[in-house]
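A.B. asks: What follows is each chain in one-letter form.
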Amino acid sequence: MIELYAEPLLGWRLWHIREGRLVSWSQDGAWPAGRRFEARCNRLLRRSCADAPGEGHACGIYAARTRAGALRLLDELPPLPVPVAVGQVSLWGRVFENVGGWRAQYAYPYALEVLSGGENVARALRTHYRVDAAAHPSAA
Amino acid sequence: MEIGLPETEREIVVMPLEEPVPAVPEELPVSVPEPERVPA
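Sequence order for the protein chains is A and B. Following our numbering, the numbering of the first sequence begins with 1 at its first residue and continues without gaps. Following our numbering, the numbering of the second sequence begins with 1001 at its first residue and continues without gaps.
Simulated from the structure, these hints should not be mistaken for laboratory data. Source: prediction; values computed, not measured. Built from N, CA and C at the ideal position, the CB exists for glycine as well. Honestly, I wouldn't trust all of these hints.
Among the chain A residues that face chain B by a calculated CB cut under 7 angstroms, a handful are [said to hold, decoys possible]:
#  : residue
1  : Ile2
2  : Leu4
3  : Pro8
4  : Ala30
5  : Ala33
6  : Arg36
7  : Tyr62
8  : Trp92
9  : Arg94
10 : Val95
11 : Val99
12 : Gly101
13 : Tyr108
14 : Arg126
15 : Thr127
Among the chain A residues that face chain B by a calculated CB cut under 7 angstroms, a handful are [claimed, not checked]:
#  : residue
16 : Leu9
17 : Ser90
18 : Phe96
19 : Glu97
20 : Asn98
Assemble the whole structure, with the sequences as input and the hints as a guide.
C.D. replies: What follows is the structure, given as C-alpha cells:
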C-alpha cells in the first residue's frame, strides 16, 4: 500500500549556477522560477517511462536526506569553474524514498547557500526564485 | 547522487494542499510612451 503525505518533503541538493539560475549537475537546463521543476525520463537505450520517476528506473529529481549527503557529490566530481550552491529543496508528487534520499516527480528550491560566487550570486538567486539564499562566509 | 539501491526504495505520494512554489511576479513589458501628437 502506497503511503500518502500532505506536507512536502525537504531534501538536500547541489546545483551549479549559470547567469543567476540553478542548473542540475546531470542536466543543462535551468530550474524554472515561479513554477515547479518536473522530472523527465531520458532513458535512451530502453523505453523511457511516461511518468517520471518510474519504478525500477533511475529517473526523477534526486535529493539527499542530509547536507553532507548532497555535498558528497562535490568530492566525486571534478571542480567546476562556475558558482556552486547547496540547499534544501521541496519534493512532492510521486516519490521513491530510499535510505539516502529521494527521487521525486516535482521540486522547487526552499533555501540556498552559495558556496562559491559570493553575495551577488546569492542576490540573483533570491530575486529569481523568491527563496532564501545566502553566500557562504568563505565564498569569494 | 547515490541515494540507495533499487531494492531498498519504496513509493510514496506527496500531495500538499498548496504547491511550495512562491509567486514570482511576471516581468512586465516595458511601456513605450506614445509619441506626442502634433495638431495639424
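A.B. asks: If a hint holds in the structure, say so; if it doesn't, say that too.
C.D. replies: These are the hints, each one checked on the structure:
1. Ile2: 5 angstroms, holds
2. Leu4: Holds, about 5 angstroms.
3. Pro8: Holds - the Cβ of Pro8 of chain A comes within 7 angstroms of chain B, reaching about 5 angstroms at its closest.
4. Ala30: This interface hint is violated because 14 angstroms lies over the 7 angstroms limit.
5. Ala33: 5 angstroms, holds
6. Arg36: This hint holds: Arg36 of chain A lies near chain B, its Cβ roughly 6 angstroms from the closest one there, short of 7 angstroms.
7. Tyr62: 5 angstroms, holds
8. Trp92: 4 angstroms, holds
9. Arg94: Interface hint status for Arg94 of chain A: holds (6 angstroms vs cutoff 7 angstroms).
10. Val95: Since the shortest Cβ distance to chain B is 5 angstroms, the answer is holds.
11. Val99: Constraint on Val99 of chain A satisfied, holds at 4 angstroms.
12. Gly101: Holds, about 4 angstroms.
13. Tyr108: At 5 angstroms from the nearest chain B Cβ, Tyr108 of chain A passes the 7 angstroms test, so the hint holds.
14. Arg126: 11 angstroms, violated
15. Thr127: Thr127 of chain A check fails; min Cβ-Cβ to chain B is 9 angstroms, beyond 7 angstroms.
16. Leu9: With a closest approach of 6 angstroms, the Leu9 of chain A hint holds.
17. Ser90: Holds. Min distance 4 angstroms.
18. Phe96: Interface hint status for Phe96 of chain A: holds (5 angstroms vs cutoff 7 angstroms).
19. Glu97: Where the cut-off is 7 angstroms and the nearest Cβ of chain B is about 5 angstroms from Glu97 of chain A, the hint holds.
20. Asn98: Holds, about 3 angstroms.
Checked against the numbered hints above, the structure breaks hints 4, 14, 15 and satisfies the rest.
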